[in-house]
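Chemist: Protein chains in written order, with my numbering: chain A, 1 to 332; chain B, 1 to 309.
Mixed in with the good hints there might be a few duds.
[Said to hold, decoys possible] Covered, in the sense of this in silico footprint (three residues per stretch, anywhere, with C-beta under 8 angstroms from a C-beta of chain A), are these stretches of chain B: (1) 68 to 75; (2) 101 to 110; (3) 195 to 203; (4) 223 to 229.
[What the hints assert, rightly or not] Facing chain B, from chain A, some residues (calculated, C-beta under 8 angstroms): (5) Asn130; (6) Asp136; (7) Arg156; (8) Val159; (9) Val185; (10) Arg187; (11) Ser278; (12) Arg295; (13) Gln297; (14) Gly302; (15) Arg309; (16) His313; (17) Ile315.
No lab work stands behind these hints: they were computed from the structure. Note that the structure is a prediction, hence the values are computed from the model and not measured. Note that the Cβ used here is the ideal one computed from N, Cα and C, for glycine as well.
Residues per chain, in single letters:
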Amino acid sequence: MSGASPTDGFAEADPRRDRIAGAYGLRYEEVPAPRTEHHRTEPLLVHQVTPHALPIALENDQPDPSRSAASAAMPSKLGASRLEGQLTPGYHVVADNGALDIGALIGTSDILGGVASGLAVMPAWVVTTNLVVRIDRTSIAGPLHATATVLHTAERTAVARVQFTAGDEATRATSVAEALVTSAVRRAEGLDLGFGRPLRHDLWAPPPVEPVPDWFALSQIGPTTTRLDLLPHLRNPWGILHGGAMSVLVDRAARHAATSGRPHRTVGGAPGLPSSRSVMVQFLAPVGVGPVEARCQVLGAGATGTVIRIEVHDIGADDLVVALATVVVAPS
Amino acid sequence: MPQADPSGPPAGSSAPPANPLARALSITTEVHDATAAGFMPGPQSHTGATVGTPLALGALTALADAAGRSLAQAVAPSRSVATSDLTVRQWSALTAHVRLDMRTVRHGRSVLVLEGTVRTSPSADLGAGAPVAWVSVTLALADPAGTGQPAGTGPAGVSAPPVPSRQSADRVEHPTAPASVDDRQNWSPGQFGLAQDLEGWRLDADGPVRTGHGTASAGALAALAELATQLPPPPPWGAGGTDTSASPQPATELHLALLQPARTGPVRPVVLRAPADTGRAGASVALTGPEPASPLHAWVLIVRQAGPS
Numbered sequence: 001m002s003g004a005s006p007t008d009g010f011a012e013a014d015p016r017r018d019r020i021a022g023a024y025g026l027r028y029e030e031v032p033a034p035r036t037e038h039h040r041t042e043p044l045l046v047h048q049v050t051p052h053a054l055p056i057a058l059e060n061d062q063p064d065p066s067r068s069a070a071s072a073a074m075p076s077k078l079g080a081s082r083l084e085g086q087l088t089p090g091y092h093v094v095a096d097n098g099a100l101d102i103g104a105l106i107g108t109s110d111i112l113g114g115v116a117s118g119l120a121v122m123p124a125w126v127v128t129t130n131l132v133v134r135i136d137r138t139s140i141a142g143p144l145h146a147t148a149t150v151l152h153t154a155e156r157t158a159v160a161r162v163q164f165t166a167g168d169e170a171t172r173a174t175s176v177a178e179a180l181v182t183s184a185v186r187r188a189e190g191l192d193l194g195f196g197r198p199l200r201h202d203l204w205a206p207p208p209v210e211p212v213p214d215w216f217a218l219s220q221i222g223p224t225t226t227r228l229d230l231l232p233h234l235r236n237p238w239g240i241l242h243g244g245a246m247s248v249l250v251d252r253a254a255r256h257a258a259t260s261g262r263p264h265r266t267v268g269g270a271p272g273l274p275s276s277r278s279v280m281v282q283f284l285a286p287v288g289v290g291p292v293e294a295r296c297q298v299l300g301a302g303a304t305g306t307v308i309r310i311e312v313h314d315i316g317a318d319d320l321v322v323a324l325a326t327v328v329v330a331p332s
Numbered sequence: 001m002p003q004a005d006p007s008g009p010p011a012g013s014s015a016p017p018a019n020p021l022a023r024a025l026s027i028t029t030e031v032h033d034a035t036a037a038g039f040m041p042g043p044q045s046h047t048g049a050t051v052g053t054p055l056a057l058g059a060l061t062a063l064a065d066a067a068g069r070s071l072a073q074a075v076a077p078s079r080s081v082a083t084s085d086l087t088v089r090q091w092s093a094l095t096a097h098v099r100l101d102m103r104t105v106r107h108g109r110s111v112l113v114l115e116g117t118v119r120t121s122p123s124a125d126l127g128a129g130a131p132v133a134w135v136s137v138t139l140a141l142a143d144p145a146g147t148g149q150p151a152g153t154g155p156a157g158v159s160a161p162p163v164p165s166r167q168s169a170d171r172v173e174h175p176t177a178p179a180s181v182d183d184r185q186n187w188s189p190g191q192f193g194l195a196q197d198l199e200g201w202r203l204d205a206d207g208p209v210r211t212g213h214g215t216a217s218a219g220a221l222a223a224l225a226e227l228a229t230q231l232p233p234p235p236p237w238g239a240g241g242t243d244t245s246a247s248p249q250p251a252t253e254l255h256l257a258l259l260q261p262a263r264t265g266p267v268r269p270v271v272l273r274a275p276a277d278t279g280r281a282g283a284s285v286a287l288t289g290p291e292p293a294s295p296l297h298a299w300v301l302i303v304r305q306a307g308p309s
């Protein structure tokens, strides 16, 4: 879940948000933007550069046609907002084989897509409803180039495309992942969001020192069930489980289920779990109580991987189903 | 039991969806409360000819879209429904008839989330075999535009599809494909309204692939995207059918995000390929109109098995 919207005056940064951002090696700052008639935005984000940062900058609403074949083909159709920058993974989101943890990458997709969409629909805000990520390359250590482009906004929905590429600045030739983030557009009237708008984050919090499973409070209940304790730092400013953390849970649970908990030898040679290759999460309800359990079912297996269906339940909320997901895990 | 919208199949009944593409593919759906069963003949085709190539993922998408919208119209009869996101994951090649059993997993004020399992099935009214694919459909629910306009009908100037007649729940009808459609295969590009010209594949969205809203159906858009990502490029599809000797590696995953409706054609694909990695080849397809200022209609993520290097 992500969002951005200006009202009058600044508000103090919410430290919880800082912590969840740090979990992904992400830093960002939101500053006021002039409102325009068509929800378009001017350059308005300047991001800190720290060793663990994802310094992303919002470009003007006219994309650079030279960036990609897609933008060259339809330069007039990408009119909302665009985030672009380098992703340098912190050590806390590095997997056993030295590569960027795919779950963290999926979570970052949610953040970037949500921020881009939120900026495009100001003064409204957004909640992610559907996240789809196709992983094209695993065993990538970074740094990565990240781009989030809003494809479409409407009265009630926004759709953003998030790309991660590797390679030098000139080429950025290797696609690492691509995501589509569909969000519901919400109006803030009558809602207590817990903080004022616009936000201004004065970010500097040390990144967490725990590895991914510890930071995200993950525990394995059985071969097909993974639990996440809803610790305070995993909640977003609305007080509910962050969509990125949900993505990490789903990713981890599916990878365990695909191997029935058996260790798997990764490309790098170290024992671990096979990588997720494709993730789709439908966010059905906010998670406010916890703990949260991802219960997996193996649907089938083919040449490109094992298809896992996951139901995510909020145990403390009468076992409510809060998300559905499917994950394709690389063949063992 | 709510009364179904006249543009969709009545709840508890079996009828061909009011969808020309579904009719062309001989898709039928049977709706019961919050579940639906869709059936589509396999590559053996209407006339029994064996073709030998697997069912395209675009055809499965069309099945999911048709069954999903039929179910949505039954469970939300007073609302206008439109597909917004659609995901299909397939792990076994399909060379037989298929049955999709779909259920409602969330029915909110403005959204309906459905999911279902695709199995092989000898016929629409017999049992189903092993699961071969999984689908998820998200539909947006809205109040019908205008005054007194029922859900599923198009705006002024767009004709509503024919109203299916009420039938008994235990009877499934296989409508005859239109005469203009090559009936030797139930997934030929022509049946999706797709055609090839010097610029590549196109979808004539004002052709016979519209939904009840008068817009190109998700199934047709998915078929266009899938066709555009085939390597090697398929040979021209003529009256003689297709040359199956150069069949592309099958698509196994497809996700379609509908952005803006396509009411007129042609819709063209812009393909972005991701390099193949460990047996998979990814591609993204932007579906857009012919002019620089044309809207972006949909974005599609596709995964295929990687071909021999």
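Chemist: None of the hints should be skipped; say for each whether it holds.
Modeler: For each hint, the structure was consulted:
1. Check result for the segment 68 to 75 of chain B against chain A: violated, 0 residues qualifying (beta carbon to beta carbon below 8 angstroms, three or more required).
2. A count of 3 residues in the segment 101 to 110 of chain B with a Cβ less than 8 angstroms from any Cβ of chain A is obtained; the coverage claim is therefore met, three being the minimum.
3. Here the segment 195 to 203 of chain B counts 0 residues with a CB under 8 angstroms from a CB of chain A, which misses the bar of 3, and the coverage is violated.
4. Requiring three or more residues with a Cβ within less than 8 angstroms of a Cβ of chain A, the coverage given for the segment 223 to 229 of chain B is violated, as only 0 such residues are present.
5. Satisfaction of the interface hint for asparagine 130 of chain A is found here, the shortest Cβ-Cβ separation to chain B being roughly 5 angstroms, below the 8 angstroms cut-off.
6. Because the beta carbon of aspartate 136 of chain A sits about 4 angstroms from the nearest beta carbon in chain B, less than 8 angstroms, this interface hint is met.
7. For the restraint placing arginine 156 of chain A at the interface with chain B, the shortest Cβ-Cβ distance is roughly 7 angstroms, inside the 8 angstroms limit, so the hint holds.
8. Annotation: interface hint on valine 159 of chain A holds; nearest CB of chain B at approximately 5 angstroms, less than 8 angstroms.
9. Look at valine 185 of chain A: its Cβ only gets to about 11 angstroms from chain B, farther than 8 angstroms, so that hint breaks.
10. The interface hint given for arginine 187 of chain A is broken, as the beta carbon of that residue sits about 13 angstroms from the closest beta carbon of chain B, more than 8 angstroms.
11. Annotation: serine 278 of chain A was flagged as interfacial toward chain B, and the flag holds, the nearest CB pair being 6 angstroms apart, inside 8 angstroms.
12. With its C-beta approaching chain B no nearer than about 14 angstroms, arginine 295 of chain A sits outside the 8 angstroms limit, and its interface hint is violated.
13. Interface hint status for glutamine 297 of chain A: violated, as the beta-carbon distance to the closest one in chain B is roughly 10 angstroms, over 8 angstroms.
14. A distance limit of 8 angstroms between C-beta atoms decides the matter here; for glycine 302 of chain A the minimum to chain B is near 3 angstroms, and the interface restraint holds.
15. The beta carbon of arginine 309 of chain A comes within 7 angstroms of a beta carbon in chain B, closer than 8 angstroms, and the hint placing it at the interface holds.
16. Because the smallest distance between the Cβ of histidine 313 of chain A and any Cβ of chain B comes to about 13 angstroms, over 8 angstroms, the interface hint for this residue is violated.
17. Because the closest C-beta pair between isoleucine 315 of chain A and chain B is about 19 angstroms apart, greater than 8 angstroms, the hint is violated.
Consistency with the previously given hints fails for numbers 1, 3, 4, 9, 10, 12, 13, 16 and 17, ordered from lowest to highest.
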